[in-house]
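Residue-level listing of the chains:
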Amino acid sequence: MDEGFITLCRYLGAALSVGFGAIGAALGEGYAAGQASDAISYRPQASGEVLKNMLVGQAIAESAAIFALVVSILLIFGSTEFHTQIFGWAALSGGLCMGLAAIGSGIGAGVPAGTACKGIVRQPASSGKILTTMLLGSAVCQTPAIFGLVTAFLLIFLDHSNVPLYPGWAAMVGCGISTGLAAIGPGIGNGLTAGEAVSGVARNPDQSGMTSRTMLVALGVAQSTAIYGFLISLMLLFMTPKESTSFAQAMRLLSAGICMGFGAFGPGLGVGMTGAYAVKEVPRNPDGSQVLVRTMLVGMAVAESTGIYSLIIALLLIVL
Amino acid sequence: MEELGKIKQFVLEFSGFKLVFNVETIIMTWVVFLVLILFAILARKKMGIIPNPFQIIAELLAKTFYNLCDDALGSRFAPKYFPMIFTLFLFIWLSNMIGVVPIFSEPTKDLNTTLSLGVLGFIIAHYSGIRAKGIKTYLKEYCEPIFFMAPLNVIGELAKVVSISFRLYGNIMGGGIIIIVVSHLIYQLILPPALLFFFGLFVGTVQAFVFTMLTLVYISLQVK
Numbered sequence: 001m002d003e004g005f006i007t008l009c010r011y012l013g014a015a016l017s018v019g020f021g022a023i024g025a026a027l028g029e030g031y032a033a034g035q036a037s038d039a040i041s042y043r044p045q046a047s048g049e050v051l052k053n054m055l056v057g058q059a060i061a062e063s064a065a066i067f068a069l070v071v072s073i074l075l076i077f078g079s080t081e082f083h084t085q086i087f088g089w090a091a092l093s094g095g096l097c098m099g100l101a102a103i104g105s106g107i108g109a110g111v112p113a114g115t116a117c118k119g120i121v122r123q124p125a126s127s128g129k130i131l132t133t134m135l136l137g138s139a140v141c142q143t144p145a146i147f148g149l150v151t152a153f154l155l156i157f158l159d160h161s162n163v164p165l166y167p168g169w170a171a172m173v174g175c176g177i178s179t180g181l182a183a184i185g186p187g188i189g190n191g192l193t194a195g196e197a198v199s200g201v202a203r204n205p206d207q208s209g210m211t212s213r214t215m216l217v218a219l220g221v222a223q224s225t226a227i228y229g230f231l232i233s234l235m236l237l238f239m240t241p242k243e244s245t246s247f248a249q250a251m252r253l254l255s256a257g258i259c260m261g262f263g264a265f266g267p268g269l270g271v272g273m274t275g276a277y278a279v280k281e282v283p284r285n286p287d288g289s290q291v292l293v294r295t296m297l298v299g300m301a302v303a304e305s306t307g308i309y310s311l312i313i314a315l316l317l318i319v320l
Numbered sequence: 001m002e003e004l005g006k007i008k009q010f011v012l013e014f015s016g017f018k019l020v021f022n023v024e025t026i027i028m029t030w031v032v033f034l035v036l037i038l039f040a041i042l043a044r045k046k047m048g049i050i051p052n053p054f055q056i057i058a059e060l061l062a063k064t065f066y067n068l069c070d071d072a073l074g075s076r077f078a079p080k081y082f083p084m085i086f087t088l089f090l091f092i093w094l095s096n097m098i099g100v101v102p103i104f105s106e107p108t109k110d111l112n113t114t115l116s117l118g119v120l121g122f123i124i125a126h127y128s129g130i131r132a133k134g135i136k137t138y139l140k141e142y143c144e145p146i147f148f149m150a151p152l153n154v155i156g157e158l159a160k161v162v163s164i165s166f167r168l169y170g171n172i173m174g175g176g177i178i179i180i181v182v183s184h185l186i187y188q189l190i191l192p193p194a195l196l197f198f199f200g201l202f203v204g205t206v207q208a209f210v211f212t213m214l215t216l217v218y219i220s221l222q223v224k
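Residue numbers (this note's numbering), protein chains in the order written: chain L, 1 to 320; chain C, 1 to 224.
Any given hint might turn out to be false.
[As the list claims (entries may be wrong)] Residues of chain C clear of chain L, computed beta-carbon distances all greater than 10 Å: (1) L12; (2) V100; (3) F166; (4) N171; (5) M173.
[Stated by the list, open to error] From the structure, some residues in chain C lie toward chain L, with a derived Cβ separation under 8 Å: (6) F147; (7) V162; (8) R167; (9) G170; (10) I177; (11) V181; (12) F209; (13) L214; (14) V217.
Bear in mind the hints are in silico, worked out from the structure with no lab data behind them.
Glycine included, C-beta positions come from ideal geometry on N, C-alpha and C.
Could you build all of it, start to finish, from the sequences and the hints given here?
Right under this line is the structure:
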């Protein structure tokens, strides 16, 4: 019975992982390729440079989907010996978590790749700086997907044998949903910010240092809601719930994950947009960068408040 | 795989009280302290017009960070906060780097380290805010749009501590977990060192910088 159930869950988890994971990276890479074609039409002489840049950018954008592939393969070929039903739920949730978390970063990392192709055509002399900013931006964009990968690994490989099945199954599923959904918005938002930073560097290469500094701060703040999702996941994973067959107790844990997951989507995207406009204007007006960064941070703090409401409700649901 | 999510602890018990020490974290933190102190001594030794190699590195780093502080805080506050910001960066950066050396482990992999650094930044930022603006203006800012928003503003400030410390902790601990799992699966051939390079050197440097810059801008939001 248990063996069959765990295998079933693992297959389902594998399908969810790579199924959802395939969405984001493909969109991001398609965007990058489209921008590259557009860029080449302006300056066909630079096609070699643009093509190289497009391929490097697409390779980074694909890493989130590769994480999902790795998790899928681990789920299909992993051992199920001495496991109880709770491991099945954890494996299913791990797959779901990685799949959802790969969406945002995949789309996000494609944006800087695309704007970098445009930027190289505009400013061929500083293609090195543009490439560096793109690499930095799209690597930091992967952070939400890395949180998803870590949560998936913890769910799949941690020893859950002392967790009671009821309501432990709900804690496991909630844990996966929380990090997974929470990573989507920040991932896309980070991509928007990094994309504008790359085109800003292309516009004013002399200010590349200040632009990438502002970008890193903006990316860091935009990831806050993904971090709240990760925090709720860790709490659901490590705070072993008391055994109870009450359906309400199970729903309480599952809802905590759902609440944080959905709540993080909007703030991540919104804060990313704030960051995008700020890093766009910093290279245009370097003297005003201090005021710009301050305004950006204050605006981000306000835009993030709805994510904090979700965090409060999720924490209340867990500790209740 | 057994070490996944586990911390080496030493528990001291006397008359009902329990003192838990995370031995590895404490030792590694002291290693980082000692390396930084040694570096500072070497940099200061025979300071002169013709600098020794350590002095060059120290001057280069200090100049870069002084300019960052000057940009964010202005020339009035920069000399005051620069030593703290620079030390914070060096400490976090070296803490993240130390995991690359075999048998050493990052102190920032422990939530206690990152959370205390986050609380440290929070207290410094708010204390300097009160010093610079006076307690009245400081409290007034919490009632910014309307007065009943005050509790939410307070929670928003506290959430900053959570996000800043979990960002560092999640990235460093996450890198560690990924390396453990991958090494377990493919028996330490080529991929783990490459992952160590990415998570240890690249992510470690970026996250140390992000932590320092965020602490700096949180202070600058308070003092101005």
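Here's how the hints hold up against the structure:
no.	hint	result
1	L12	holds, 23 Å
2	V100	holds, 18 Å
3	F166	violated, 5 Å
4	N171	violated, 7 Å
5	M173	violated, 7 Å
6	F147	violated, 16 Å
7	V162	holds, 7 Å
8	R167	holds, 6 Å
9	G170	holds, 5 Å
10	I177	holds, 5 Å
11	V181	holds, 5 Å
12	F209	holds, 6 Å
13	L214	holds, 6 Å
14	V217	holds, 6 Å
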